[in-house]
Every structure is written in structure tokens, then in C-alpha cells.
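Listed below, chain by chain, are the residues.
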Amino acid sequence: MHNLSKSYGSTKAVDGLSFTIHPGRVTGFLGANGAGKSTTMRMMLGLARPSTGHVLIDGVPYQHLTRPLTKVGALLETRSAHPGRRAYQHLRWLAQSNNIPASRVEAVLEEVGLQNEKSKRAKGFSLGMAQRLAIAAALLGDPPILLLDEPVNGLDPEGIIWIRELMKSLAAQGRTVFVSSHLLGEMANTAEHLIVIDHGRVLADTTVSAFIGESTSLEDAYLRVIQR
Amino acid sequence: MIRAELTKIRTLRSTFWVFLATFALCVGLGFLIGLSFRNIADAGADSLFASFYAVTLGQIALVVFGVFVISSEYSSGTIHASLAATPRRGRFFLAKLAATTPVVLVLSLVTIVSMFFAARAGLGPRAVPFDARGVAGATVYLTLICLFATGVATMLRSAAGSLAILLPLLFLGSQGLGNIPKVKTITQYLPDQTAWVIMHLTGPPGSAQFERPYGPWTGLALTALWTLAALLGGYAVLRKRDV
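From first to last, the protein sequence lines stand for chains G and H. For the first sequence, the positions run 14 to 241 when our numbering is used. For the second sequence, the positions run -11 to 231 when our numbering is used.
Keep in mind that the hints were calculated from the coordinates and are not lab data. Here the structure is a predicted model, which means the values were calculated and not measured. Every residue gets a Cβ at the ideal spot worked out from N, C-alpha and C, and that includes glycine. Take the hints with a grain of salt, since some may be wrong.
Claimed, not checked - Quick look at which bits of chain H chain G covers, simulated, 3 or more residues with Cβ under 8 Å: (1) -11 to -5; (2) -2 to 4; (3) 70 to 82.
To be verified - Calculated Cβ distances over 10 Å to all of chain G for the following chain H residues: (4) Arg26; (5) Ser102; (6) Gly122; (7) Ala148; (8) Pro156; (9) Phe198; (10) Glu199; (11) Tyr202; (12) Leu220.
As the list claims (entries may be wrong) - Some chain G residues judged to face chain H by a derived CB distance under 10 Å, without partners named: (13) Arg98; (14) Ala108; (15) Gln109.
Could you build the full structure based on these sequences and the hints that come with them?
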């Protein structure tokens, strides 16, 4: 990602971000609500057009990937399935759009623990189930890169532990896991590397342990960086 | 990609209901209008008009479908998943149109043929022989007006906003405003009005009041131009805007 900016009128939501995300570890993308995390992730996926700069995924812009779901799996919103569609139907059209074998639909439903709810319509899903379906969609193409925007939002403690372990295991398989959150405790538990942003600018790009440094906790370190 | 779009169409219950409504409205009203023309004393009453008039109401259901095809993506947030899966927006839009058009064309054909024969049954002794040009024209028209709605909805991204424009536009025509001389100068070029000649909806032949400066096929071509313009407008918005 190089010099990425996004302005809405005179407001700069994202202001000259440059960083590189590496495979094999969970990279946390930390910032307050409104710091520019979601906007950045939407630009990574080509959903929003940057005002300046660009994002390259293995050297190419997202829009140039031929079967993007097999390269990048993304969770942007909890509820992205049409409320009237059944869980497996939502995954089926996604698979068809990227020539992903139909067998992957069953595989990811099982992986996220929705095999018994696969014929339910999305509107009947609790927040936790919707989140699992969204994660199933991200995993569908077995992608080496995962972008997850606030994945623990709305999950119960069991769900939070589940996704934490999932992210760690995905990274251990050598995948790139980029996860945004405004929850400091969650980041301390899952991420190895941190990118901290505020007002659309990078404040820190370092390992979690180096970030905490002499502070007593991640929280303490975060507040110090923000106030600087 | 087209397969994915077909799956989307197939897996929404609203698709089934609006298709059923289109068919039922056209065929049911076609029969009733035929019946009401059967006993009219006026020898000049136009049986061809009666055979096709139901389209002006039945089309509403299909227009709703044309709007939903794209507006449901925005209302449900599926558009994010769709564009992440198919980031080239032109391809996404083409795939959607390529999936929608044949489905709507087949539905239109079945509906219009059925409507014509329902109207014939209603007309009884006043029935007219099978009018291949009218049936073909009405079939193409119904498909075009549905795609026109898709184009408008792609520009506006909301079902409510799109229908707020489309419904008055289409009722304006069917309520006969198109035949008031001064207003007609303009309204005769509206996307639905241009197809009225081929469907025999412009009034009795030879009457100066209902005369149009274009023929049946030219009129249908004008509707096609409207549709093309709406779709190009939709594509421009889709390509330019963030989602």
C-alpha cells in the first residue's frame, strides 16, 4: 500500500497511508472508530476509489485479479447475504462467480459450524450466525490472504475464542491475516504485528511486543501513541 | 459469472411473485378487457387495442422486477460481496444483464401469447386473427421496459426512488394523457409510448388525433434507445461511484 488517501469533500478519511502486510502472521489494524480502518479496507478491495495512492496485492491491484476470491477473502460487513437467501444459496452464487468448486460450499459451512443452519434464510440468523456465514464466504476460495474488518463484533465469548483461534491457525498455515479492530484486548490476544492509525495516518507499524515496549499494557501504549 | 447471477435471480422469492403477477395481470386483464369489448355496439371499437391493452398494467410487475434485480443488491449489502467477487464493474453489470434478459424475454413471450389468446377468448365473435407482429412487438417491449427499469435503478440505487419515477411515467401513458394534442407532442416520445404503435394502442387507424410521426418498428426502436440510454447511464454510475 503506497500513499493511500481518501477524501470526502474537504474531510480526509485516509491520509497518505503506506505499509506492507506480510504473510504468516496476524497483522492487527488498530484505530478508534472513524480512524479510517473501514475506508482503507474498502479501498483494498476496489470498492472505494482512492483519492491518491494505490494498493497492490502480490504486485497487482485487486481489480486485476482474475478470480479474486481465490486470492483474497474479505469480511467487510456482518450482514452481506440477502435476507431472503438461504445460507448455502449465498455461498453458491459466490462460488459460481469465481469458478470455485461447489464442494467448497459444504466445506466452509462445516468449517464455521453452520452445516445445520445451511438451509435457513439469512434474515433468521443471529448476529453470531451471520458473522460465521460472512467468514465462510471469506474462506470460500481458500485464499492465501484474509482481510477481516471487525470480525469479533457481535460475537459471544465462545464465538470470540473460536475466531481468535481460527485467525491464528490461518496465519500458522502461512496465510496473510489482516484484521481491523478497535478492541485493544482482542488485538493483544491475536495479533503479532500492529499497524495503528489515527485520523487516517499511520502512528505505528511494529510488532505487538515492540509497540508495548516499556508501557505496562497495550492499552497504555496505545493511549501514549494517540496523545503524542 | 452469468451462472452466479442466475442463481441470485432464482433464489429470491420475490422473483417468483413478480413473474406470477406479470403473467396473471396481463392474462387476466386481457380476458376481462376482451369481454368488455365483446358487447360494445360501436362497430369501430378496435379489437386489436383490446387484445394488447392489458400490457400497460401488467408491465408494472415486471418493471418492479427490473428494479429489484439491482436495488436488492444495495438494500441488502450484497453489492459489496458482488463487487468483491467481480471487481470489474462492467463485467458485473453485463453478467447481470446477460442473466436477466433471456429469463425476462421468455417470460414476456409466454405472457404476451397467453394474453393475446385470453383476450381473443374474451372478445368472442369480435376476436381478431393472430397478430404475429403485435405479439412480437409486445414481447420485445415488455423485455425492454424491464431492462429500462434496471438501468434507472442502477443509476438511483434505490427501489423507492426508482419506482417513484417509473410508476408515474408508465401510468401517465396508460391513462391516456398521451392523446391530448398539446401534451402528446412530448409524451409520444416517452419510452413506453413509443412502443404503442406496434401494439395497436394508439387509437383507431386513420384518426388524425392519434397519428404518430413514427411507424411501429421505428417506435419500438425508440424504446430500445431509451433502454440503451438508461443502461449506459446505470453503467456510468456503477463504474464511477464507491460502494
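Q: Just double-check Pro156(H) for me: nearest Cβ-Cβ distance to chain G has to come out over 10 Å.
A: 28 Å, holds
(Q) Hint validation: Arg98(G) versus chain H, beta carbon distance must be below 10 Å. Holds or violated? (A) Holds, about 5 Å.
**Q.** Check on Arg26(H) being off the interface with chain G, judged by Cβ distance over 10 Å
**A.** Non-interface label on Arg26(H) holds, nearest chain G Cβ at 42 Å vs cutoff 10 Å.
Q.
If I take the minimum Cβ distance from Phe198(H) to any residue of chain G, is it greater than 10 Å?
A. Since the minimum Cβ distance to chain G is about 44 Å, Phe198(H) lies beyond 10 Å and the statement holds.
(Q) Just to make sure I understand the rule, a stretch counts as covered if three or more of its residues have a C-beta closer than 8 Å to a C-beta of the chain. Does the segment -11 to -5 of chain H meet that for chain G? (A) Answer holds; 5 residues pass the 8 Å Cβ test.
Q: Mind checking the CB of Ala108(G) against every CB in chain H and telling me if the closest is under 10 Å?
A: 8 Å, holds
Q: Against chain G, does Ala148(H) hold up as non-interface, every C-beta pair farther apart than 10 Å?
A: 17 Å, holds
Q.
Taking beta carbons only, do three or more residues of the segment 70 to 82 of chain H come closer than 8 Å to chain G?
A. holds (count 7)
(Q) According to the definition I'm using, a residue is off the interface if its beta carbon is farther than 10 Å from all beta carbons of the partner; does Leu220(H) meet that for chain G? (A) 20 Å, holds
**Q.** Non-interface claim for Ser102(H), where every Cβ of chain G lies beyond 10 Å
**A.** 28 Å, holds
(Q) A cut-off of 10 Å on Cβ-Cβ distance, and Glu199(H) was said to be off the interface with chain G. Does that hold? (A) At roughly 47 Å from the nearest Cβ of chain G, Glu199(H) sits farther out than 10 Å, so the non-interface label holds.
Q.
Quick check for students: does the CB of Tyr202(H) sit more than 10 Å from each CB in chain G?
A. 41 Å, holds
This entry satisfies every hint, going by the numbered hints stated previously.
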